[in-house]
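Top line first, the protein sequences correspond to chains A and B. The numbering used here runs 16 ahead of the 1-based position in the first sequence. The numbering used here runs 16 ahead of the 1-based position in the second sequence.
Quick caveat, the hints were computed from the structure, so don't treat them as lab data. Quick caveat: nothing in here was measured; it's all calculated off a predicted structure. Please note: incorrect hints may appear among the correct ones.
Using 25 Å as the maximum straight-line C-alpha spacing, the simulated SDA-like pairs for lysine to any residue come out as follows [claimed, not checked]:
{"id": "1", "chain 1": "B", "residue 1": "K338", "chain 2": "A", "residue 2": "M17"}
{"id": "2", "chain 1": "A", "residue 1": "K338", "chain 2": "B", "residue 2": "Q28"}
{"id": "3", "chain 1": "A", "residue 1": "K392", "chain 2": "B", "residue 2": "E389"}
{"id": "4", "chain 1": "A", "residue 1": "K391", "chain 2": "B", "residue 2": "E31"}
Spelled out from the first residue to the last, the chains are:
Number of protein chains: 2
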Amino acid sequence: MPRIAYEDFLAQRAEFVSQEESRALGSDVVLNEDEQKVNEYLMTLKKAELEEGFKSPIAFAPSRHFFKVLDQIKNSPLFQLIQKMPKGGILHAHDTAIGSMETVIKATYQKNLWQNGEFGRASPPHFKFSKTQPEPLDAVEWRSVSDVRKELGNEGFDQNLRELLSLFVPDPEVAYPCINHAWGRFFNMFISLEPIVTFKPVWEEYYTNTLKELYADNVTYLEFRGVLPPVYDLEGKIYSPEEVVQIYYDLSEKFKQEHPDFVGVKFIYAPIRAADDSTFDGYLQEAENLHKKFPTFVAGFDLVGQEDLGRPLTDFNERLLKMSPTIQFFFHAGETNWNGLSTDDNLIDAVLLGAKRIGHGFAAVKHPRVLEELKKRNICIELNPVSNQVLKLVDDCRNHVGAIYFSDSYPVVVSSDDPAFWCASPLSHDFYVAFLGLASARQDLRLLKKLALNSIEYSGMSKAEKVEAKHKWSIAWNHFIDQTLKTISQ
Amino acid sequence: MPRIAYEDFLAQRAEFVSQEESRALGSDVVLNEDEQKVNEYLMTLKKAELEEGFKSPIAFAPSRHFFKVLDQIKNSPLFQLIQKMPKGGILHAHDTAIGSMETVIKATYQKNLWQNGEFGRASPPHFKFSKTQPEPLDAVEWRSVSDVRKELGNEGFDQNLRELLSLFVPDPEVAYPCINHAWGRFFNMFISLEPIVTFKPVWEEYYTNTLKELYADNVTYLEFRGVLPPVYDLEGKIYSPEEVVQIYYDLSEKFKQEHPDFVGVKFIYAPIRAADDSTFDGYLQEAENLHKKFPTFVAGFDLVGQEDLGRPLTDFNERLLKMSPTIQFFFHAGETNWNGLSTDDNLIDAVLLGAKRIGHGFAAVKHPRVLEELKKRNICIELNPVSNQVLKLVDDCRNHVGAIYFSDSYPVVVSSDDPAFWCASPLSHDFYVAFLGLASARQDLRLLKKLALNSIEYSGMSKAEKVEAKHKWSIAWNHFIDQTLKTISQ
Numbered sequence: 017m018p019r020i021a022y023e024d025f026l027a028q029r030a031e032f033v034s035q036e037e038s039r040a041l042g043s044d045v046v047l048n049e050d051e052q053k054v055n056e057y058l059m060t061l062k063k064a065e066l067e068e069g070f071k072s073p074i075a076f077a078p079s080r081h082f083f084k085v086l087d088q089i090k091n092s093p094l095f096q097l098i099q100k101m102p103k104g105g106i107l108h109a110h111d112t113a114i115g116s117m118e119t120v121i122k123a124t125y126q127k128n129l130w131q132n133g134e135f136g137r138a139s140p141p142h143f144k145f146s147k148t149q150p151e152p153l154d155a156v157e158w159r160s161v162s163d164v165r166k167e168l169g170n171e172g173f174d175q176n177l178r179e180l181l182s183l184f185v186p187d188p189e190v191a192y193p194c195i196n197h198a199w200g201r202f203f204n205m206f207i208s209l210e211p212i213v214t215f216k217p218v219w220e221e222y223y224t225n226t227l228k229e230l231y232a233d234n235v236t237y238l239e240f241r242g243v244l245p246p247v248y249d250l251e252g253k254i255y256s257p258e259e260v261v262q263i264y265y266d267l268s269e270k271f272k273q274e275h276p277d278f279v280g281v282k283f284i285y286a287p288i289r290a291a292d293d294s295t296f297d298g299y300l301q302e303a304e305n306l307h308k309k310f311p312t313f314v315a316g317f318d319l320v321g322q323e324d325l326g327r328p329l330t331d332f333n334e335r336l337l338k339m340s341p342t343i344q345f346f347f348h349a350g351e352t353n354w355n356g357l358s359t360d361d362n363l364i365d366a367v368l369l370g371a372k373r374i375g376h377g378f379a380a381v382k383h384p385r386v387l388e389e390l391k392k393r394n395i396c397i398e399l400n401p402v403s404n405q406v407l408k409l410v411d412d413c414r415n416h417v418g419a420i421y422f423s424d425s426y427p428v429v430v431s432s433d434d435p436a437f438w439c440a441s442p443l444s445h446d447f448y449v450a451f452l453g454l455a456s457a458r459q460d461l462r463l464l465k466k467l468a469l470n471s472i473e474y475s476g477m478s479k480a481e482k483v484e485a486k487h488k489w490s491i492a493w494n495h496f497i498d499q500t501l502k503t504i505s506q
Numbered sequence: 017m018p019r020i021a022y023e024d025f026l027a028q029r030a031e032f033v034s035q036e037e038s039r040a041l042g043s044d045v046v047l048n049e050d051e052q053k054v055n056e057y058l059m060t061l062k063k064a065e066l067e068e069g070f071k072s073p074i075a076f077a078p079s080r081h082f083f084k085v086l087d088q089i090k091n092s093p094l095f096q097l098i099q100k101m102p103k104g105g106i107l108h109a110h111d112t113a114i115g116s117m118e119t120v121i122k123a124t125y126q127k128n129l130w131q132n133g134e135f136g137r138a139s140p141p142h143f144k145f146s147k148t149q150p151e152p153l154d155a156v157e158w159r160s161v162s163d164v165r166k167e168l169g170n171e172g173f174d175q176n177l178r179e180l181l182s183l184f185v186p187d188p189e190v191a192y193p194c195i196n197h198a199w200g201r202f203f204n205m206f207i208s209l210e211p212i213v214t215f216k217p218v219w220e221e222y223y224t225n226t227l228k229e230l231y232a233d234n235v236t237y238l239e240f241r242g243v244l245p246p247v248y249d250l251e252g253k254i255y256s257p258e259e260v261v262q263i264y265y266d267l268s269e270k271f272k273q274e275h276p277d278f279v280g281v282k283f284i285y286a287p288i289r290a291a292d293d294s295t296f297d298g299y300l301q302e303a304e305n306l307h308k309k310f311p312t313f314v315a316g317f318d319l320v321g322q323e324d325l326g327r328p329l330t331d332f333n334e335r336l337l338k339m340s341p342t343i344q345f346f347f348h349a350g351e352t353n354w355n356g357l358s359t360d361d362n363l364i365d366a367v368l369l370g371a372k373r374i375g376h377g378f379a380a381v382k383h384p385r386v387l388e389e390l391k392k393r394n395i396c397i398e399l400n401p402v403s404n405q406v407l408k409l410v411d412d413c414r415n416h417v418g419a420i421y422f423s424d425s426y427p428v429v430v431s432s433d434d435p436a437f438w439c440a441s442p443l444s445h446d447f448y449v450a451f452l453g454l455a456s457a458r459q460d461l462r463l464l465k466k467l468a469l470n471s472i473e474y475s476g477m478s479k480a481e482k483v484e485a486k487h488k489w490s491i492a493w494n495h496f497i498d499q500t501l502k503t504i505s506q
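Generate coordinates for the entire structure from the input sequences, incorporating the hints supplied.
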């Protein structure tokens, strides 16, 4: 059989490329004239970074470890444009890892804070707010932080604390050779962080600042996971989970009133997955309780902690199926490199349990039936590209599985998991990495617009809330387009 | 709507898992009773390594750089079993990078070899066989290798040469920060290697030893790519491409006669893709010529060299379509991390040009239409997991895209590309990494059997040749099963 003629080949090729483009996420978005102009500008910036990277791959930020390119990204005009863009909401992030750690560091200047153990040791120091010196811990006396500050100097103390509360190191490949090392440090961070941040005045300050930082990053909706740790005050009061949710609710409402263009907040109760059966029963009871008390604010249920080392969903399926059917599931599943082990089997359970969204879903690409069900059941995958790199699932973000989801319009959102722990902005860094490193060179403003719209579409908001959210977002979006046009034409 | 009952959930889950298993590569293979026993043993070995890795990921060989785990793999009982297994054929490997470099090192003990430049410099030394001292190169005198050997000692010389002819370094992450560094070294290796290996006596020795090493690794068919470099002798004769193919052909026939269970060899003419148009026209003419002269031995045409830096297929499509329609295409395509640039667009051209197989196809997972066509047109992807890691496409082999092809029965084979350059066996290391690191924990002997059978099925052999090949392979396979059963029951 002879080969086809070149003109026919060219026609076939054009058709093929156009079919691929029409399957890509965002291809259904139609841009108006102004948006098209902004898109041209956006694509000029994207192409410049791609061309530079194609010549010298080591210069390409998404291909390298996030910690090595933080400064480079800060100076990227593409990143700066994405920062200004109204990105919709964050649908996957954790209670005490969204807002920057500067609030926590500032809090350690307050009086009544005590420290047990020293910086720079294998076991991290503990902190506690207390009117009087607490009882010794493992035979070690507590010292007043103001005394430690005098010894180290404010700068020295802050720097030590900053290092303690961040995974950032100059040589992450050496410091974290595998996933267990990164998660080990992660765990140590919580030990030091939690009793500072759960002090009620700090708790409130931290949460409010988180919302402010979101707002400054042009993120106007938050749906976050929380373990609801015991918040305490100087009078010895321990706040119940319900009271903690009430604090969240009240502060969210206050922030919304002060910022009418801010859409709002919902909370996903997500306690720790490494739990025995009776602890787990306690979680379920708490979930039912919160669901009744805060039917619209509490969006649903999940479990957190290193998935490989925690218990798989299969241990809990029977109990989970007994929960009130109106409690929605947002399970972490497949946050792993393993294939055919209990961690990626969580994907199967999450799908069959009827999860509304799946956290990470990194391993889903190895499960063809799961992939089918994601589309069929419209289950949204919450992608967290920077988190997946820092926590050792993938080195070069061009290999991130999100590229596959983007290429064939899977229901996805881009989120940020624990941005504060790796010095990232609330959402812009993940959007930048996703747009430049995961997406095809051909994907443009339509992808970014789609991701923002998806964050509303796949949220736990009611239909009416979504209508309002889209309205507010549209106003911000149009303003962004106008402002960008002005900047370009200058 | 209430949630479903737990028993119904369990039934759905079992059905779901079984559907996924039935889609996995190899699931259509039926094992007889003896094979089932060997499979049990095989899976015990696989599970032991997986369980160890699940506890401590840093211990898991496929997750680490190949150079760091060479010794560990050598001691793996799973690897040792895979070595003994008849693996069928190698369908993707390159002329002077399959056989171990020891033949080349041995050849440098021959007289008449000259060296220009020193070891350990940025620019690698050149070598040449010649009766008399060659003319100075860039004003540098040639020295007799026997003199250099006296200076460095045999051990010192051999070690220097060994380092020169291998990408192996103890710290690959530092030595090769990105793909261009690895390929740069790769290129330097060829500069030193080629004039040693293209000396006719060495050329013949090297090729025959390659076949011996294949045979020892239980690989009984070879379909390799070659650039057909000018082979030379001491009398000043330069052998034409046609004569070089004749050498390959004669030595292959001789080896086959001496080893009746060896299936045979085919050759794919694959010159360098970084070529100008007129050089490319020369390639095509050569291809036509070889196709006429060796209609069964020369299986087809491809292009080689770093895909990102070479010319894309699109530059050559018009010319390629003019080639005799009986010349089959086996294009390298998508050996890249880029998405939507010329390198991964090669996949679209390869498919539309009617490629029989695609080399690497690493980027195909980001192209939903390409994925569809692979199945529809039964285009085989030649996976080279170790090569992709060493040449910087992927760090952790659990992230290798082959996992996706395995999960949904794409037409694939596992091959080894340039195993000698990274101290790997001809095929066993890639089979080991694929079976342990890429495949699901659930995939078993059926996958390995399928991969061996695919290497016959997707080869360039005729129908009759395939029948004979399968027959020979079956005998070896049954012998392997018998021998393994004896070892297990001891």
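Against the structure, the hints:
no.: 1; hint: K338(B) / M17(A); in the structure: holds, 13 Å
no.: 2; hint: K338(A) / Q28(B); in the structure: holds, 17 Å
no.: 3; hint: K392(A) / E389(B); in the structure: holds, 22 Å
no.: 4; hint: K391(A) / E31(B); in the structure: holds, 19 Å
When held up to the earlier numbered hints, the structure conflicts with none and fits them all.
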